[in-house]
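Undergrad: Below, each chain spelled out in residue letters.
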Amino acid sequence: MGKCQGYLDEQFIELEELQDDVNPNFVEEVATLYFKDSARLINNIDQALERGSFDFNRLDSYMHQFKGSSSSIGASKVKTECTMFREYCRVGNAEGCLRTFQQVKKEHARLRKKLEHYFQLARQAGPKETARRSK
Amino acid sequence: METDQIEEMDVEVLSSMWPEDVGTEADNQFNVGDSDTLKEVDIAEKHTMADLKRLPELMNNTDQGSSQLTNLVRQWEYMQDHAVRLLREELKILTRQREEAEAKELKIIEEHNFESQEPENVPVLDETSHLFRRFRQKKRDELVDSKRVVIDEEFDTVAYWKQKALSLEKMLEESTERERRLIEKLNESLKTMESHSAPVEELTQNLKRAEGFLHFILQNAPIVMGHQDKDLRYLFIYNKFPSLREQDILGKTDVEIFHGGGVKESEDFKREVLEKGKASKREITFETELFGSKTFLIYVEPVYNKAREKIGINYMGMEVTDQVLKREKMAKLREDNAVRKAMESELTKTIHITEETMRAKQMLATMSHEIRSPLSGVVGMAEILSTTKLDKEQRQLLNVMISSGDLVLQLINDILDLSKVESGVMKLEATKFRPREVVKHVLQTAAASLKKDLTLEGNIADEVPILVVGDVLRIRQILTNLISNAIKFTHQGKVGIKLKVISQPSFASDNALKADAEEQKGLAETSVWICCDVYDTGIGIPENALPCLFKKYMQASADHARKYGGTGLGLAICKQLVELMGGQLTVTSQVNAGSTFTFILPYKVATSDDNSDDQDEFSDMVDHHQPEPDDTTEGYFQFKPLLGSIYSNSDSVTGNNFLPHKAMLSSPLKLTNGAVSDPSNNTGQSQTVLVENSGYMDESRQNCPESGNQYGNGNSRCSSKESESCSSSQASSEMESELTVSSPREEEKTETQVKETSQPKILLVEDNKINIMVAKSMMKQLGYTMDIANNGVEAIHAVKDSSYDLVLMDVCMPVMDGLKATRLIRSYEETGNWDAAIEAGVEIKTTENEQGCERSTDRLPIVAMTANTLAESSEECYANGMDSFISKPVTLQKLKQCLQQYLQ
Chain F
1 MGKCQGYLDE
11 QFIELEELQD
21 DVNPNFVEEV
31 ATLYFKDSAR
41 LINNIDQALE
51 RGSFDFNRLD
61 SYMHQFKGSS
71 SSIGASKVKT
81 ECTMFREYCR
91 VGNAEGCLRT
101 FQQVKKEHAR
111 LRKKLEHYFQ
121 LARQAGPKET
131 ARRSK
Chain E
1 METDQIEEMD
11 VEVLSSMWPE
21 DVGTEADNQF
31 NVGDSDTLKE
41 VDIAEKHTMA
51 DLKRLPELMN
61 NTDQGSSQLT
71 NLVRQWEYMQ
81 DHAVRLLREE
91 LKILTRQREE
101 AEAKELKIIE
111 EHNFESQEPE
121 NVPVLDETSH
131 LFRRFRQKKR
141 DELVDSKRVV
151 IDEEFDTVAY
161 WKQKALSLEK
171 MLEESTERER
181 RLIEKLNESL
191 KTMESHSAPV
201 EELTQNLKRA
211 EGFLHFILQN
221 APIVMGHQDK
231 DLRYLFIYNK
241 FPSLREQDIL
251 GKTDVEIFHG
261 GGVKESEDFK
271 REVLEKGKAS
281 KREITFETEL
291 FGSKTFLIYV
301 EPVYNKAREK
311 IGINYMGMEV
321 TDQVLKREKM
331 AKLREDNAVR
341 KAMESELTKT
351 IHITEETMRA
361 KQMLATMSHE
371 IRSPLSGVVG
381 MAEILSTTKL
391 DKEQRQLLNV
401 MISSGDLVLQ
411 LINDILDLSK
421 VESGVMKLEA
431 TKFRPREVVK
441 HVLQTAAASL
451 KKDLTLEGNI
461 ADEVPILVVG
471 DVLRIRQILT
481 NLISNAIKFT
491 HQGKVGIKLK
501 VISQPSFASD
511 NALKADAEEQ
521 KGLAETSVWI
531 CCDVYDTGIG
541 IPENALPCLF
551 KKYMQASADH
561 ARKYGGTGLG
571 LAICKQLVEL
581 MGGQLTVTSQ
591 VNAGSTFTFI
601 LPYKVATSDD
611 NSDDQDEFSD
621 MVDHHQPEPD
631 DTTEGYFQFK
641 PLLGSIYSNS
651 DSVTGNNFLP
661 HKAMLSSPLK
671 LTNGAVSDPS
681 NNTGQSQTVL
691 VENSGYMDES
701 RQNCPESGNQ
711 YGNGNSRCSS
721 KESESCSSSQ
731 ASSEMESELT
741 VSSPREEEKT
751 ETQVKETSQP
761 KILLVEDNKI
771 NIMVAKSMMK
781 QLGYTMDIAN
791 NGVEAIHAVK
801 DSSYDLVLMD
811 VCMPVMDGLK
821 ATRLIRSYEE
831 TGNWDAAIEA
841 GVEIKTTENE
851 QGCERSTDRL
861 PIVAMTANTL
871 AESSEECYAN
881 GMDSFISKPV
891 TLQKLKQCLQ
901 QYLQ
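Taken in sequence, the protein lines are chains F and E.
Sequential numbering from 1 applies to the first sequence in the numbering used here.
Sequential numbering from 1 applies to the second sequence in the numbering used here.
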């Protein structure tokens, strides 16, 4: 169970439950993919924002992806910021976008740190028996 | 030139002030004024009258009068001086002439003495002999000037002297004559001087001149002048109304002369001035029979006599009607301007507020969604927990927990619905449907979860068309909501739906134009207004609670809210939906006797022969429903309470009842608790319900995708039971056999769910790698594998190339979104070809057509995966041909539900 209060939601637990003997590192794999993919998206958005001319449609479509991924791994705080960002995109608030994007990055970095720490601990603890939901 | 109000005068009236065609000739000639100075100016005299007897008195008594006289006198004196000077000069000339004449006479005498020495002349000469020398001298000097006597006769003859004497005598006579004339003239001059000195004539002349100028100046001025005595009786008026005669005005007061608005005011004003002794101005609008509506600017000043006693007033009025009108117009314009500006700013404010509100509502919707996701987790977990072994107390606690969670979920769903309607995101779709079926299904659904001793009935009038066009989803929602509401508040008796056709209601006549336009566009389709009553024999609603019944978060009373639960949003949503569709929702009720909710909606009548394009929708149904062939025309349904139905777990279902199909969307699990938590379900009951459900599920799946959930829930109920194997009662096997009948695939699916022999083919259409990874892993956990397509185009290719049992479709994707892809797949199913997709730019290799034809009869279940934001609404999913949706993030439970629903 992730003990990163508020940073993750029940979706992360969903992922943890998907982890079994066949896929012992599933959560970590997903998280790695997530961080890889989100790094790319952050880079894309960074570049789009640096251009100065705000293409809100493009920003929104990047953020849609980002939000989808974040939602899938249960990164609730990042997701909240993503939602905010999209809201600003919708109303065309460039300043809000910039500000929220800083928040997105901040939350993203924080989550990454926390998860890395968590995975490290998990590896030390070794594969453990997780409570399996009955089907 | 002096001006004086008291002076007598007349001036031509300004035609704009008084009408020209009234008045009498005689009246016009009251006073003839003439002036030397203004002879060339044509002055017509009119409308003046004065009390001449009083005039001198005034002249003598008033300050103005005396100053006028003083001025005139001064002027007269000046002119007299001038005349005297002139006369003096004349006198001087005359005197000199006389002197000359005398001198000449002397000279003649001298000559006479000297030359003729005639005795008769001597005495004169003697007396003046001393002058002779001088004159002679002078005569010599001025010889040329003096008259010479020319004598023709020879000098110094008798004849000569005689002649000379004669001529001299003549000259003397002439001279005498001249002298006499001069004296005469002198006398005459003196006489004229006397006559000139008469002041009255001078004054008259001056006055006439002054008058002339005044006429000249005033002849076109819209001015009325007058003098009134201290009783405000007119002594003088200038420029009176033409039809009034002297006797009509002089000696009378305003009030006696005129009648109508403003007269009294003007008199009061005059009196006020008289009393205060201060001149002042006022604008008074007269409204008289005589000259209609005219505004005068009136100046009134008091008049004093020499003893400083008030003796009357002078007044002067200028007609300013036009100016006042203009001024008022300007003021009105300014006022209008100000009002408009205020309105504008108000409007901007309103727009601003509206924008804010919209944003707030959207935020609310977003927030609601954000709340819903974790909450569904909570409820879902609780429901899973309820399937484990629990003791009685734990189960009770859990049930409370689940029902509370359900209520919150319901509330959130309602808020989402409401905010969608209010923010205008809610779109209505026009689909063909059969009202009788809808009523029947709603009642069936209600009957399925009915846990009271109630009769449910439906009654549809014969004239209600078989097939109409409307938003069936929303109409179902309204009906379901009203029915569950009715059931909730009814403890015995019946609850029913009655449908009848009515004529166009009055509130809709405003929309008639719009409807006409639509009708013209929509060709032969005719509109019909259907009135739908949802009645019950329940507790009723007190009259004072009726007004707030449809308000948000309001229930008839706080007590009801506690007793019956619910969000208080249901009726508000119904009302908004009905109004959105152009109808009206009303309620009549009697306490303890029941309530009737009536909604009137317009529908288009679809002719049954033009349903060819929707062939599959209905043909399927007819095929599957041989046992109920009169389903389309049947006008009466009844669902009687079944014997011995026992629902111990009523609390937990309260929330479900409220808006069942909506609630199930977000948390489809919840219906399970009814069956699971109460294994002692009566066999007959569950059997019947299931039969009804299974009878209904196929058509509902075709007709109304949303109700597919219902079907899914029915199944999930038994499958969860089976997997749990908590109830090995007869009921479960009974159910199973029933289900087996209705669906032959059921058995093997449920029996061999884990060790799958024929793997169903599932396609996941999703662009997000992480989502794919997670979904794939979950599928694996559930024992399925699936194919992946990264966008709509890939999905179409995949669907074309192989036959799938289920498609999970992301909505928002690059290249082609899920909605469009679904639409194209549906089009293929209907037409058997991919023309629409090719048209949309998808490259299709048309090789294997036979498979396509075969598949086109089957409807591929497509389940949307939405983030359920406002942009990806469930309505839109349905509108584009999707069968259901699961909200993101996808969880194992949701996926499991979905698979169970569609892979059975």
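In case anyone wonders, no lab produced these hints; they're calculated from the structure.
All C-beta atoms in this analysis are idealised placements derived from N, C-alpha and C, irrespective of residue type, glycine included.
Please note that a few of the clues may not be correct.
Covered stretches of chain F, going by a simulated chain E footprint (3 or more residues, C-beta under 8 Å) [unchecked claim]:
(1) 43-56
(2) 62-74
(3) 82-95
(4) 110-120
Here are the simulated lysine-lysine pairs, DSS-like style, with alpha carbons at most 25 Å apart [what the hints assert, rightly or not]:
(5) E:Lys-780 to F:Lys-36
(6) F:Lys-105 to E:Lys-769
(7) E:Lys-361 to F:Lys-77
(8) E:Lys-361 to F:Lys-36
(9) E:Lys-776 to F:Lys-36
(10) E:Lys-780 to F:Lys-77
Undergrad: Take the hints in turn and mark each one as holding or not.
TA: Hint check results:
{"no.": "1", "hint": "43-56", "result": "violated (count 0)"}
{"no.": "2", "hint": "62-74", "result": "holds (count 9)"}
{"no.": "3", "hint": "82-95", "result": "holds (count 3)"}
{"no.": "4", "hint": "110-120", "result": "violated (count 0)"}
{"no.": "5", "hint": "E:Lys-780 to F:Lys-36", "result": "holds, 24 Å"}
{"no.": "6", "hint": "F:Lys-105 to E:Lys-769", "result": "holds, 20 Å"}
{"no.": "7", "hint": "E:Lys-361 to F:Lys-77", "result": "holds, 22 Å"}
{"no.": "8", "hint": "E:Lys-361 to F:Lys-36", "result": "violated, 35 Å"}
{"no.": "9", "hint": "E:Lys-776 to F:Lys-36", "result": "holds, 19 Å"}
{"no.": "10", "hint": "E:Lys-780 to F:Lys-77", "result": "violated, 28 Å"}
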